[in-house]
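Trainee: Spelled out, the chains give:
Protein chains: 2
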Amino acid sequence: MAVAVEFASSPAEVLRVGPGFSLASVDPKSTPGYAGAKADGRALLEAQDARLAELQEKLFAEGKFGSGKRLLLILQAMDTAGKGGIVSHVVGAMDPQGVQLTAFKAPTDEEKSHDFLWRIEKQTPAAGMVGVFDRSHYEDVLIHRVHAWADAKELERRYAAINDFEARLAEQGTTIVKVMLNISKDEQKKRLIARLDDPSKHWKYSRGDLAERAYWDDYMDAYSTAFEKTSTDIAPWHVVPANKKWYARIAVQQLLLDALKGLKLDWPKADFDVAAERALVVNS
Amino acid sequence: MAVAVEFASSPAEVLRVGPGFSLASVDPKSTPGYAGAKADGRALLEAQDARLAELQEKLFAEGKFGSGKRLLLILQAMDTAGKGGIVSHVVGAMDPQGVQLTAFKAPTDEEKSHDFLWRIEKQTPAAGMVGVFDRSHYEDVLIHRVHAWADAKELERRYAAINDFEARLAEQGTTIVKVMLNISKDEQKKRLIARLDDPSKHWKYSRGDLAERAYWDDYMDAYSTAFEKTSTDIAPWHVVPANKKWYARIAVQQLLLDALKGLKLDWPKADFDVAAERALVVNS
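Chains as they are written, first to last, in the UniProt record's numbering: chain A, 1 to 284; chain B, 1 to 284.
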């Protein structure tokens with residue numbers, strides 16, 4: 001097998017939302033940091049599956065031995081941008097036993113009767129786990145802002161509450177990877193039409209998607225403001241160009257790999273006498 | 001690619017625990033219903049991944065459109081028998097979004113203060129989902145019987161309660177697949193030694209495993225009684241010979257495939273006017 005083309009620059013750097021970031025100047029068709037073509041990207045994705053699975057297993061193993069390390073991937077995007085594909089093709093390479101996936105829907109009546117972070121807190125990953133949020137607490141500053149379900153003062157309260165919340169998770173050992181999959185409005189149209197043209201995809205089509213599409217520019221404003229308010233040092237945002245699905249997948253895979261590598265994971269040392277235990281097993 | 005060797009007889013039939021079943025007469029090294037060798041089995045596992053994923057997606061899709069169908073895989077086994085491998089290599093081929101995995105550990109104080117089915121009920125799969133229990137309510141008639149944590153009368157109550165509980169799940173649309181992975185005592189010894197000889201596996205070794213191993217025959221009795229009491233028409237047990245990991249994996253994969261095929265799944269019909277919706281999208 002040929003050696004896969006790797007990233008020339010780390011997505012953790014080139015996709016990071018820092019000072020002066022402008023969402024409008026990101027080209028959703030671009031492939032920052034990656035010079036390869038689609039076939040290269042697909043080969044890289046597959047080639048790195050085993051590495052991702054191994055790091056995740058080490059994280060899980062450390063968790064069993066008292067480490068507080070854990071990872072949380074937060075995925076936000078406009079409809080059809082490919083969150084589901086990230087979950088099945090990137091997250092799916094990891095052992096299900098070490099992954100805690102939560103798809104946040106419209107809140108229930110009970111959830112609405114609590115603070116917006118109440119339902120989020122319950123789904124934060126346990127030690128050793130990789131948590132994945134398909135949508136998240138950011139809906140409370142995105143769709144809520146777009147439809148003015150929260151006023152300016154309440155939105156400010158939420159941005160601050162989110163930063164405090166994420167800082168607490170980080171203090172407790174959580175590495176947070178925040179990803180916005182960025183497609184263009186034209187690309188969304190193509191994908192909605194593709195869904196409608198394929199009867200095996202009709203179930204994925206929601207008439208509500210079209211209603212939200214009408215607020216595209218308002219969503220982009222809401223995302224920009226959320227980035228400005230909540231792209232912190234401990235939990236920076238990454239905007240991943242997503243018109244090319246293969247690129248979005250390797251970019252998120254690489255963000256996870258880099259985050260896990262940064263944790264300096266290793267197999268836990270046995271907390272028992274291995275030779276003595278072996279003798280007991282042999283004689284059992 | 002060569003055509004994979006398939007099962008000559010359905011595991012759902014040849015592995016099913018019916019009248020007159022004897023656990024002692026199952027050879028853990030055997031490969032019932034399958035004439036292929038290891039390489040064939042591995043090729044079959046891979047070849048059927050996509051089929052399993054497609055059926056699971058249809059189940060999920062139907063669930064979104066009001067179907068009550070769902071699947072529950074219950075895995076029980078002695079330590080090292082390969083439950084984890086089934087989860088990563090068989091269940092792992094399905095989209096994480098459609099899988100609800102629960103690994104039941106020793107119950108917490110709160111769980112102990114309730115009936116044994118209290119914590120189980122909470123983890124039953126939602127409509128459209130594939131639930132996977134790594135250990136289950138059967139621990140309450142296995143380890144509890146072996147260590148006499150429950151007396152004969154209480155065990156009888158539990159067998160009956162389990163049958164009522166599973167019947168209710170079935171009535172509500174749940175297809176239940178119960179699997180006991182059957183390894184030999186010698187094979188367990190080999191696997192425990194292999195864990196101790198590989199530092200990257202030390203974290204998987206628990207000294208408690210050796211303590212339970214001393215009760216091997218009592219466990220086999222407890223399994224035999226559980227099969228007798230709870231292998232019902234709506235939720236039969238399957239004893240899967242598991243000394244050969246590759247066989248156990250294709251056998252469980254096939255049990256899942258057959259269960260899903262039995263549900264006569266199909267892509268849901270659109271509940272909206274596709275052409276009208278398409279025109280709206282094109283003009284959006």
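Hints in this document: simulated from the structure, not taken from any laboratory.
As the structure is a prediction and not an experimental result, all values here were calculated from the model.
One or more hints might be untrue.
The list treats identical chains as interchangeable, and a pair is accepted whether it falls inside one copy or across any two copies.
[Stated by the list, open to error] Taking lysine-lysine and the DSS-like style, the derived pairs with C-alpha atoms no more than 27 Å apart in a straight line are: (1) 105 with 122; (2) 153 with 201; (3) 204 with 264; (4) 69 with 204; (5) 64 with 122.
Trainee: Hints first: check each against the structure and report whether it holds.
Mentor: Comparing the hints with the structure gives:
no., hint, result
1, 105 with 122, "both (15 Å within a copy, 19 Å between copies)"
2, 153 with 201, "neither (41 Å within a copy, 53 Å between copies)"
3, 204 with 264, "between (40 Å within a copy, 20 Å between copies)"
4, 69 with 204, "between (35 Å within a copy, 18 Å between copies)"
5, 64 with 122, "both (20 Å within a copy, 24 Å between copies)"
Of the numbered hints listed earlier, the single one contradicted by the structure is hint 2.
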